[in-house]
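Protein chains in written order, with this note's numbering: chain A, 1 to 457; chain B, 1001 to 1344.
Just so you know, these hints were derived from the structure itself, not from any lab.
Just some of the chain B residues that point at chain A, by a computed CB distance under 10 Å: (1) V1207; (2) S1288; (3) G1290; (4) V1294.
Covered by chain B, according to a simulated footprint, are these stretches of chain A (three or more residues, beta-carbon under 8 Å): (5) 103–115; (6) 119–133; (7) 210–224; (8) 264–272; (9) 278–289; (10) 418–426.
Keep in mind the model is a prediction, meaning the values are calculated, not measured.
Don't be surprised by glycine CBs; every beta carbon is placed ideally from N, CA and C.
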Amino acid sequence: MHDAMTRAGVRARLGRRSPWVAGAAGIAVAALALTGCSGSGSGSDGDAAAQEKTTIRFLYATGDETWNSVVDTVVKAFNEQSDTTTVQLDPLPAGSDYATALKTMDATGNWPAVVDMRDTLTYVNAGKLAPIPDSVTELIQPEAFGTAEDGNVYTVPYSALNGEIGLNVVYNKDYFDDNDLEVPETYDDFLDLLADIKANGDAPLATAAAEVWPSDQLWKPLAAPYFAQYGDEGGFWTAAQNGDASVEDLREPLQELLDITNDYVLEGWQSTADAQTTTLLVNDMAVMATSSAGIGRLNDINKVDPDFNAGLFIIPAEDGTINVLKNAVNGDTAGGLAISAQAAEDDDEYASATEFLEYFYQVDTANLMESEGWLAPNIVASDEIERNTSIPGSKDYFALLENPNLQWYENVSDLSTFSAFNTFFRQARIEMQDGQSSIDDTIAKVQAEFDKTVAAG
Amino acid sequence: MTDQSALQGQTQVVGAAVRLSGEGPLDGAPEGVPDDVSFVPTGPAPQQRRTRRFRSARWVMLGFIAPALVVYLLMVIVPSLQSLQLSFTNWDGISPDYDYVGVRNYEEILTSGRFWNAVRNTLILGLGSAVIVNAISLGVALMLDKVGRWQGLFRTAVYLPSLVSAFILATVWKYLLNYNFGAVNTFLRDAGLPEWARDWLGDSSIVVGVILFITCFTLGGNTTLIYLANLQSVPQELIEAARIDGANSRQVFRHVTWPMLAGAVTVNMTLAMIAGWTIFDQVMVLTSGGPGFVSETMAFFIYKVGFGEYRAGFGSAAAIVLFLVVIVSTVAANAYMRKREIQA
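Looking at chain A on its own, in the form it has when it is part of the complex (with noise of 0.2 Å):
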């Protein structure tokens, strides 16, 4: 009685329900139909293989349009050619805070397979990348990168190995050529040439810091000399962990700094975003502006005005040699590449992943990158990349790299939270040249965040 009661119930439930069932059945079946129509067109061995595929994201920071480029070009290659792996771009949009948006997606779970990194050491210490396999680092120059503590390499250069040699000002050459102006050779032939321009009635420099981190662009080649003197003992700021230096010693080139920015830079700065400069030079605006994409900025320019013709130099030292920053390839302040730990974890998606970057790594690719303007990474087969040297200025660029006044000097610092520091340093600049500060008190307060820091390890 029971049992018949019960199915009584159950035909009852499938009777009321017996339309939607219905309904559901006909809609699979015509989708089926569907399907089965469009196969017939592809070939269901193409269906297979693309249902086989691996999605993976690619996480990077646009901002520099050159770069944006390569990203794309790069990736719409790789899928097409690729049987097993798909790759989605990911860009976060210029302006944003990047070590920030990395951190809300660490939070969130949400890591993408391959990053392009910053703050690598905070986020190896913290377990959240993964080893960067053989097959991928046995295609790059060794000297391109670097291991970590435990043996491991976790981030590969997305670009040439030029340390910030990017770091430089960009110029409009028919100006220089027109008012008989010469690229500096030493500080004092800088600050004459920012004198003249000013005289004629125009604006010399133009430079940005409505980022905040664009204020190094001018900062770091004016400090560049006091930091290489600590080259030997690991770096100015090694040194200041140590006690052997302090920000007391970077006092001349904040003045230098100041001066420039009182006397020179063209109003608006503190509000002018990174890749509105190229805007400012090219509109005649200002004669020179501050860059850290180097080449890539000259390629920028060329796109929005094919015919200005762009130089680029370095602000040198007093002594005219051009100091410039090359870091140990890994570290805090070493970007790259990166296979992230939560991928790692997904077989197909770590193996997917690496198949990108050894496709990142082969000449085809460099080529790729080369023809739109970028540096292409230091890989094992360079000599067969064709440089691309058609962008106006990049002749400049390469003549930088073979300058005998070049020197490379290191400043690395282990502590951990360093970019930290940078950041507010960076922000305790600003205040200073905006005047909101002054030097005593910049240097009081930077020493005693970098004391913070150091204390915090």
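Start from chain A and add chain B according to the hints.
Below, chain B without anything else, positioned relative to chain A:
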């Protein structure tokens, strides 16, 4: 003016209706039994039945709110309590481990010039936007209340800016106020007033004021609508009575309309202040807290140190301080305004 809910007659009527429709405690007693003799009802007492019904209804109600309550607890209350715990640590926000540092984060916050600058900006933006937005919104609502034709069009025009997100609106303002290419400075230069052109978002002496202006622009729509709704519910007979007594428009507003708006003022001021205390989008888009640290607000400061500088413990401590500031200031302001409502 009297608080309508406090009308004595109304309360009595409601009280009588309740008594008449229900059953008294002796309603189940057998007839002829003296009132002072105790008895035991044969079935469940009506009071008990009501209690049981209420209890079962309460469980049903709890069942309805449980899903939302669970989500709220997990997404808001638990993380908030966790923030309190993290505020006593040196967690960087990424590493799995951290150490307890006692009240060091709080000490550092309270001795930090950067933090107090953020507090000052937050107070300026919070109180400033609350006062300005309310004043402008009330004025606009009064005008809208008087508009005879195209009232819908004007209401839409006033409310429209509120439909745009603060982020997008701030981005538009950022372009408008750009020093070199912005429409505002271009207009001033073209109008022969180049000396009036300013670096609106880069001049440290005015940047907080500029953010205040943009914030007020965003917040006005809702406030205006609340005032307008309250204005339209002011009894016309009161206004007419005042006019018959010889009051002019100003006196009518001061002695009739304004007291009747007391509740709306409390709501609008509270909402505007809370929105002001937590201003973030505008600062993020327009200045990133700069130039330097000059335009950082507390919310932005928390974001910056907690996320950008890998100091989640320190950021949590700052968030706790912000919570206290919001609670204390809002409760104090509310208490003051409520007192005014009673007086009204």
